[in-house]
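S.K.: Chain by chain, the residues:
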Amino acid sequence: MRFLKNRKGQVRILEAFFASILILSSLALVPSPVSVEKSHFNTLYSVGTQVLTTLDSNGTLSRLIENNNWTVLRNCVQSMLPVSLWFNLTVFNENMTCLNDVPVSNGSPVSDEIAAVEYVCASSSGNYAVYIVRLQLATAK
Amino acid sequence: MERKRLNRKNSGQTLIITSLVVALLLLSVVYYIFEVERKSVIQTTTPLNSYVLAIKLGSRNTVISALANVSNGGENEILTANLDRLSSIIGNQSHFGKCNLLFTPLNSSPYQSGIWISWDSNGLGVSSAYANFSLDFTGMQADVQLEYDVNITTTLNVEGVYSKLEDVKKQVNVTCRVFNEGEPALAKNITLFYESDGDLSIQEWIPVDSPSITDYGNGTYFISFIAETKTSNDPMLVSARVHDLRDIFVQANATCTET
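Protein chains in written order, with the numbering used here: chain E, 1 to 141; chain B, 1001 to 1259.
Isolated chain B (complex conformation) (with noise of 0.2 Å):
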């Protein structure tokens, strides 16, 4: 009579402990199965990342191609027109699902059509551009809805002294600083000029002669030249033109002051 109450006190104990086990056992099995199956959204969604992060990337190249075309000369329609195109393309993709991407140019001042062109005679000149996106993405694996805006903006900063030589004869130093998207960035090439009497009403620029130019690798080039201007006593003004690495230009024009 004693064991078999003993006996029954121990299956209790064991059922306790096995029930126990058990429940561990299906929370580490749960716990397995949910990590798995987060494990393998993160993959069917990695595809669909790398597809976003392309069409921004689509659409930050055809604002640089839009403004590096205006900046020399083009219409500013034209960053309409290509943005049209590469909708246009993308919206006849369909990888993942129904994609359609959706632009705005800025028209807020300063910008015009979306773009900005200051080239100014106080040392900064500026060549912008700039468009909001909207990028609606249908698909099986999500539904993405994205704003995102591109702003391409490269500036030149002018900066120069002078001091009197013999006769109509000026030391010149200009510091050219060249920015991208308020960055330092490197120019592709720098051309200096400088007018012949000051005098702005009658322009006449006359191409700096192989200048001593330093590159300081950080955006930042100085550059040092002789200039005669009519008479000595004509204000300096010089000009700076500039195409960055993305062939942006733009153009600034400063008055060196004595020394």
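Looking at chain E on its own, in the form it has when it is part of the complex (with noise of 0.2 Å):
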């Protein structure tokens, strides 16, 4: 009789342990803000080096920057993110000085969470230069 009663015991014991690591397991569901904030940086960062890569891949972004174009390249950027993206897109040459005289950006920005995304152009024109684009992306909360 002692023993029938040990063994009922041992099995509340048991199911105590399924118990618990379930409710742990559960914990491990939730989502950190940190990874959400990651996930929501890594998304934008992604969205502007496709931008800039798909315009780089047959020279125009670097032809553009050649002749001044920044109203087509601002278009250009414009027409390939979506509306509720602001963006702000920075020209330097090699010695980091800054090419574009004027703001290549479609207004002010949205949110204080700016991604930014710093693109190596290399130009394919005979007349060799490398710039560093700058493309800060922020999305509206």
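Be aware that a few hints might be false.
To be verified - With a cut-off of at most 20 Å between alpha-carbon atoms, the simulated SDA-like pairs for lysine to any residue come out as follows:
| no. | chain 1 | residue 1 | chain 2 | residue 2 |
| --- | --- | --- | --- | --- |
| 1 | B | K1056 | E | R134 |
| 2 | B | K1098 | E | E94 |
| 3 | B | K1056 | E | R63 |
| 4 | B | K1056 | E | Y131 |
| 5 | B | K1098 | E | E118 |
| 6 | B | K1056 | E | A140 |
| 7 | B | K1169 | B | S1212 |
| 8 | B | K1164 | B | K1098 |
| 9 | B | K1056 | E | T97 |
| 10 | B | K1056 | E | T54 |
| 11 | B | K1056 | E | S79 |
| 12 | B | K1098 | E | I132 |
For the record, the hints were derived by calculation from the structure and aren't laboratory data.
Take the two lone chains, each set in its own frame, and fit them into one complex as the hints suggest.
M.R.: Structure, rendered in structure tokens:
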């Protein structure tokens, strides 16, 4: 009789053990705010790099920079980004001197959380130059 | 006594079912956590992939630029000089970690310092640049070691036929085919010349004035014009000079066959 009672106790302990594992596992599912923030910046970074890579793949980016065609560059970037995204593009030469004398942007920032992409753009024309293109992105919350 | 035995049996079954349910729940939770973790890893490596892609694109553009320069009269060493500049700038960037771009211009025949220019008189012209790259990236996310090569080649193929007209006049039809890396490509401009007497010992190339050009849109150009050589029996030598859309220059000479 005493032995039977002991076995019941063991089952209760096992149940409690399983229940605690379940509860602890569920805690792991709660997404931490840091990883959410990181993935948000990663998404913005990927979008920015994709835009610049697409523009650079056929030499358009370096050609527009060489010709100081900032308005067309702004329109190109704007047409490739979602409407809800704010952007600001700055072009530097190899000595980090800013080249664009007019802002290449679609307005004022919509959020304090700004992701910046720095892209090395090599010119494909015979007149070789390397530009560093900084694209800042933010999304409305 | 009978009811007690029955209760005990039921209790055992319930325990088995409960343990099965708990086991299934645990498995599903573990699987879900695994999936979430996997998704998170994919998200964190995406920016690095984009960064590597941008570096590969930069090295390709640099080789194109050098070939455009050399094919238009620049020095072969410009390829190494430009790649040095790019490598230095990339080395100074540190978005995700330390990046080191090494390069080796191809030096085996027919390439010299990564450049091969062959503008022959057999109807084939080649302007090409080739470099091997090694990208070493050391960062918090990952360590990447990547080797790739960049081969930029513009090829021009020229074929021509002619028929004699009155006196020294000849009706000449020339077909030019432009290729970028072996694929048909468009030309930015084509200039055609013919030799005044078909003798290359003293070359006197006469530019073709307002020829009739048919652009087939697939890198093939059919050019028709009337030439006047010194004598009616002079062979017809033509020279096509082409800039492709990347500003790479290529030239090919060909002897037209009489029809």
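S.K.: Between B/K1056 and E/R134, does the CA-CA distance stay at or below 20 Å?
M.R.: With Cα atoms ~18 Å apart, B/K1056 and E/R134 stay inside 20 Å; holds.
S.K.: Holds or violated: B/K1056 with E/A140, Cα cutoff 20 Å?
M.R.: violated, 32 Å
S.K.: B/K1164 and B/K1098 were given as a pair; does the straight-line alpha-carbon distance stay at or below 20 Å?
M.R.: violated, 68 Å
S.K.: Keeping to a limit of 20 Å between CA atoms, is the pair of B/K1056 and E/R63 held or broken?
M.R.: With a Cα-Cα distance of about 18 Å, the restraint between B/K1056 and E/R63 holds, given a limit of 20 Å.
S.K.: Keeping to a limit of 20 Å between CA atoms, is the pair of B/K1056 and E/T54 held or broken?
M.R.: holds, 13 Å
S.K.: Run the distance test for B/K1098 versus E/I132: straight-line Cα separation, threshold 20 Å.
M.R.: Holds, because 17 Å separates the two Cα atoms, which is no more than 20 Å.
S.K.: Could you grab the alpha-carbon distance between B/K1056 and E/T97 and see if it respects the 20 Å cut-off?
M.R.: Outside the cut-off at roughly 24 Å; violated.
S.K.: Is the Cα-Cα distance between B/K1169 and B/S1212 20 Å or less?
M.R.: holds, 16 Å
S.K.: Next pair to validate is B/K1098 with E/E118; report whether the Cα-Cα distance is within 20 Å.
M.R.: With a Cα-Cα distance of about 15 Å, the restraint between B/K1098 and E/E118 holds, given a limit of 20 Å.
S.K.: Would you mind confirming whether the straight-line C-alpha gap from B/K1056 to E/S79 stays at or under 20 Å?
M.R.: Violated: B/K1056 and E/S79 sit about 25 Å apart, past 20 Å.
S.K.: Would the pair B/K1056 and E/Y131 pass a check requiring their Cα atoms to be no farther apart than 20 Å?
M.R.: Between B/K1056 and E/Y131 the Cα gap is close to 15 Å, so the pair holds against 20 Å.
S.K.: Given the hinted pair B/K1098 and E/E94, is their Cα-Cα distance within 20 Å?
M.R.: holds, 19 Å
Hint check: violations occur at hints 6, 8, 9 and 11; the rest are consistent with the structure.
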